[in-house]
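Peer 1: Chain by chain, the residues run as shown.
There are 2 protein chains.
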Amino acid sequence: MSLEVSQKITIQKVKNSKINQVDFNNLPFGQVYTDHMLVCDFENGKWSSPKIVPYGAISLDPSAKIFHYGQSVFEGMKAYKDAQDDIWLFRPFDNQKRLNISSKRLAMPELPEAYFMEGLEALLLLEKDWIPTTKDSSLYIRPFIFASGNGFHASPSDKYKFIIACSPSGPYFGGKLKVLIEQHYSRSANGGVGFAKAGGNYAGQFYPTNLAIQKGYQQVIWTDDTTHEYIEEAGAMNIFIRINDTLITAPTSDRILDGITRKSIIEIAKDQGIAVEVRNISVHEIIEASDNGSLKEMFGAGTAAVISPISGFGYQEKDYVLPELDNTFAATLKKQITDIQYNRSADKFGWRYSVK
Amino acid sequence: MSLEVSQKITIQKVKNSKINQVDFNNLPFGQVYTDHMLVCDFENGKWSSPKIVPYGAISLDPSAKIFHYGQSVFEGMKAYKDAQDDIWLFRPFDNQKRLNISSKRLAMPELPEAYFMEGLEALLLLEKDWIPTTKDSSLYIRPFIFASGNGFHASPSDKYKFIIACSPSGPYFGGKLKVLIEQHYSRSANGGVGFAKAGGNYAGQFYPTNLAIQKGYQQVIWTDDTTHEYIEEAGAMNIFIRINDTLITAPTSDRILDGITRKSIIEIAKDQGIAVEVRNISVHEIIEASDNGSLKEMFGAGTAAVISPISGFGYQEKDYVLPELDNTFAATLKKQITDIQYNRSADKFGWRYSVK
Ligand SMILES: Cc1ncc(COP(=O)(O)O)c(C=O)c1O
Ligand SMILES: Cc1ncc(COP(=O)(O)O)c(C=O)c1O
Numbered sequence: 014m015s016l017e018v019s020q021k022i023t024i025q026k027v028k029n030s031k032i033n034q035v036d037f038n039n040l041p042f043g044q045v046y047t048d049h050m051l052v053c054d055f056e057n058g059k060w061s062s063p064k065i066v067p068y069g070a071i072s073l074d075p076s077a078k079i080f081h082y083g084q085s086v087f088e089g090m091k092a093y094k095d096a097q098d099d100i101w102l103f104r105p106f107d108n109q110k111r112l113n114i115s116s117k118r119l120a121m122p123e124l125p126e127a128y129f130m131e132g133l134e135a136l137l138l139l140e141k142d143w144i145p146t147t148k149d150s151s152l153y154i155r156p157f158i159f160a161s162g163n164g165f166h167a168s169p170s171d172k173y174k175f176i177i178a179c180s181p182s183g184p185y186f187g188g189k190l191k192v193l194i195e196q197h198y199s200r201s202a203n204g205g206v207g208f209a210k211a212g213g214n215y216a217g218q219f220y221p222t223n224l225a226i227q228k229g230y231q232q233v234i235w236t237d238d239t240t241h242e243y244i245e246e247a248g249a250m251n252i253f254i255r256i257n258d259t260l261i262t263a264p265t266s267d268r269i270l271d272g273i274t275r276k277s278i279i280e281i282a283k284d285q286g287i288a289v290e291v292r293n294i295s296v297h298e299i300i301e302a303s304d305n306g307s308l309k310e311m312f313g314a315g316t317a318a319v320i321s322p323i324s325g326f327g328y329q330e331k332d333y334v335l336p337e338l339d340n341t342f343a344a345t346l347k348k349q350i351t352d353i354q355y356n357r358s359a360d361k362f363g364w365r366y367s368v369k
Numbered sequence: 014m015s016l017e018v019s020q021k022i023t024i025q026k027v028k029n030s031k032i033n034q035v036d037f038n039n040l041p042f043g044q045v046y047t048d049h050m051l052v053c054d055f056e057n058g059k060w061s062s063p064k065i066v067p068y069g070a071i072s073l074d075p076s077a078k079i080f081h082y083g084q085s086v087f088e089g090m091k092a093y094k095d096a097q098d099d100i101w102l103f104r105p106f107d108n109q110k111r112l113n114i115s116s117k118r119l120a121m122p123e124l125p126e127a128y129f130m131e132g133l134e135a136l137l138l139l140e141k142d143w144i145p146t147t148k149d150s151s152l153y154i155r156p157f158i159f160a161s162g163n164g165f166h167a168s169p170s171d172k173y174k175f176i177i178a179c180s181p182s183g184p185y186f187g188g189k190l191k192v193l194i195e196q197h198y199s200r201s202a203n204g205g206v207g208f209a210k211a212g213g214n215y216a217g218q219f220y221p222t223n224l225a226i227q228k229g230y231q232q233v234i235w236t237d238d239t240t241h242e243y244i245e246e247a248g249a250m251n252i253f254i255r256i257n258d259t260l261i262t263a264p265t266s267d268r269i270l271d272g273i274t275r276k277s278i279i280e281i282a283k284d285q286g287i288a289v290e291v292r293n294i295s296v297h298e299i300i301e302a303s304d305n306g307s308l309k310e311m312f313g314a315g316t317a318a319v320i321s322p323i324s325g326f327g328y329q330e331k332d333y334v335l336p337e338l339d340n341t342f343a344a345t346l347k348k349q350i351t352d353i354q355y356n357r358s359a360d361k362f363g364w365r366y367s368v369k
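Line order of the protein sequences matches chains A and B.
Per our numbering, the first sequence runs over residues 14 to 369.
Per our numbering, the second sequence runs over residues 14 to 369.
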């Protein structure tokens, strides 16, 4: 860590760690929190120095704008521990940049890179015993910023809080996913905030997702809001479709989150000699491919869910089942990306980031 | 009030009121809060009895879903005091119903009518000295519900808080508004949450609105996200356009909030013999009307802003100025609706609701 910022990060440690209360062999996703958090306040037009304090309650006035006007953005990252107990992050600067892209779209202040990175590293070094080493587990990291200023006028807040909290976590999904291709509801508008990791994007998905769950699906695949013809993304994952031996994924746009897993998968696949097409893909093309047997795989890709294979999809009251293959792209690509993330393989792309 | 619920509303009063610190002749909008608030918690699948407590800070875990996934809905209402010191609400059951419509779309629990209405009335009776009687002032009322349950999994919260806070307030806008008809950004998607009073809908408007403010406008007029050709609504107002002697406003849809002021204005105007058309209206029709002199008025309508006349609009780098008329529809309709709201006229529509 460079000294300019880290000298200023004050650390207030807990008296007693909660770590002994945690069953690291049965970790849920995102429900157990570590002993400390990083907090940084924006006031009078500038960010204060980050502080590490005991993880604990935040106190807000009932008029705080977060309750009323939805100014909140977040990131999702993971810290991995290898066999030598070294700590690794995966492309963390991309999360840092994306947080600022999200903030800008919601008229929230951007955060200097050093505050994010050095705050995060100091926190991880303090919490390193919390990084699980059980299979498929990692320390899920949640950096977020929300409007903490007060007022019922529908205008941007003058105060914000940046927090990083950490949660030792197991897998996000249990098994393979059955998904519903959405034909009525939508996730984002042209010219809207879909490309931002903004809180409001998620709340809007819950009701349609509940309807899908009631019908026996686990996730909704969103389509464009104008024609419902083109595949966009899922709840917290970008979507890949394999037709014959070509891997296809939608281009990013102002409606789709520019996923770090997505772009890494594209690069790894290309490097493996897999044909990758980044282009619009219509539901009809997928149905046709399913009907003629060329549809081989579908999977979601995201930090939380890593790579989640899809077993089948529903579309207009009909269910389509994907074949059960050996040696899937999903399995190969998942092994490759997690081997890089957990430092089990060489890092030819330069994505791994050592925290020490 | 019926006894079933009100018996259960517990009231914990402040020791010392803050009311003497308030300058009722210089009230800002939504920045001063009364002594008490109503709070009601949803847990284990049900709402607890509403409580009135001193207005004060709310304490939340950093993992509370409001910070991450945008589950928040709200309403905006006003209480008016007449010359006899009687207290009035305007169509409050419509706010109560709309809150539930918003909640449902965000997968949040609906609130029983009695909790809302009797909680609100008990609170207003306690805070009646806070209802201002200075010109254009009222007690702005903010009922809201947000996700207070914890967890980083992107799924609905299992806990919620319903709160009603009150703010003695002056006018929302200063003078006439200069607006920009938006051609790139948008507020809501087909199949999205635009019709809900959801927090995230507002955060998404701030950045484009800031861009408009930098160009000298005060508000953005949103257009549909597919073609940017049809007028939808403004930040917190529905929009009316007068061409010759016909008043036109867009039909409500899943992209547009079903405003209570809007529908009241439609009824009052019709009752006055004004021709009203509820139909899609394109930017081109407005430009043409401006060019040939038939565009007479534009105004916004909403609880906070009441009726806000528009002086002119920008569209594709060009400014269009509206004529300065005597006896505008805006002025007539504003007088009629506020006379009903403040109990200065008969209430032929049955919209006024007495709180006692
Ligand atoms: C809407 C959405 N799409 C895609 C992703 C995947 O992005 P990433 O791979 O950067 O985690 C996420 C999760 O972060 C998401 O929330
Ligand atoms: C987006 C939006 N449109 C319109 C309105 C006007 O609705 P109402 O007249 O019910 O206040 C509001 C404010 O409530 C609003 O937030």
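Mixed in with the good hints, there may be bad ones.
Which copy is meant is left open, because identical chains are indistinguishable; a pair holds if it fits in one copy or across any two.
Claimed, not checked - With a Cα cut of at most 27 angstroms, we get these calculated DSS-like pairs of lysine-lysine:
| no. | residue 1 | residue 2 |
| --- | --- | --- |
| 1 | Lys64 | Lys21 |
| 2 | Lys31 | Lys189 |
| 3 | Lys64 | Lys347 |
| 4 | Lys228 | Lys141 |
| 5 | Lys172 | Lys31 |
| 6 | Lys369 | Lys228 |
| 7 | Lys172 | Lys361 |
| 8 | Lys64 | Lys141 |
| 9 | Lys228 | Lys117 |
| 10 | Lys59 | Lys117 |
| 11 | Lys331 | Lys64 |
| 12 | Lys191 | Lys141 |
| 13 | Lys172 | Lys228 |
| 14 | Lys191 | Lys28 |
Rather than coming from a laboratory, the hints here were simulated on the basis of the structure.
Peer 1: Between Lys228 and Lys141, at a C-alpha cutoff of 27 angstroms, which is it: within one copy, between copies, both, or neither?
Peer 2: Intra 42 angstroms, inter 49 angstroms, cutoff 27 angstroms: neither.
Peer 1: At most 27 angstroms between alpha carbons: which applies to Lys172 and Lys228, within, between, both or neither?
Peer 2: between (43 angstroms within a copy, 24 angstroms between copies)
Peer 1: When Cα atoms must be at most 27 angstroms apart, do Lys64 and Lys141 count as within-copy, between-copy, both, or neither?
Peer 2: Answer is within; shortest intra-copy Cα gap is 17 angstroms, inter-copy 43 angstroms.
Peer 1: As a check of your reading, is Lys64 near Lys21 (CA-CA no more than 27 angstroms) within one copy, between copies, both or neither?
Peer 2: within (8 angstroms within a copy, 43 angstroms between copies)
Peer 1: For the identical chains here, do Lys172 and Lys361 meet the 27 angstroms Cα criterion within one copy, between copies, both, or neither?
Peer 2: neither (42 angstroms within a copy, 46 angstroms between copies)
Peer 1: Given a CA cutoff of 27 angstroms, do Lys331 and Lys64 count as a within-copy pair, a between-copy pair, both, or neither?
Peer 2: Neither, since 53 angstroms and 49 angstroms both go past 27 angstroms.
Peer 1: If the cutoff is 27 angstroms on CA atoms, where do Lys191 and Lys141 land: within, between, both or neither? Let me know, please.
Peer 2: Answer is neither: 36 angstroms inside a copy and 55 angstroms across each miss the 27 angstroms cutoff.
Peer 1: Cα distance capped at 27 angstroms. Does Lys59 pair with Lys117 within a copy, between copies, both, or neither?
Peer 2: Result: close within a single copy only, 15 angstroms intra versus 38 angstroms inter.
Peer 1: Measure nothing new, just compare the shortest in-copy and cross-copy C-alpha distances for Lys172 and Lys31 to 27 angstroms and report within, between, both or neither.
Peer 2: between (31 angstroms within a copy, 24 angstroms between copies)
Peer 1: Measure nothing new, just compare the shortest in-copy and cross-copy C-alpha distances for Lys369 and Lys228 to 27 angstroms and report within, between, both or neither.
Peer 2: neither (48 angstroms within a copy, 47 angstroms between copies)
Peer 1: Is it within a copy, between copies, both, or neither that the alpha carbon of Lys191 lies no farther than 27 angstroms from that of Lys28?
Peer 2: neither (46 angstroms within a copy, 57 angstroms between copies)
Peer 1: How would you classify Lys31 and Lys189 at a CA-CA limit of 27 angstroms: within, between, both, or neither?
Peer 2: neither (33 angstroms within a copy, 58 angstroms between copies)
Of the numbered hints stated above, those contradicted by the structure are hints 2, 3, 4, 6, 7, 11, 12, 14, listed in ascending order.
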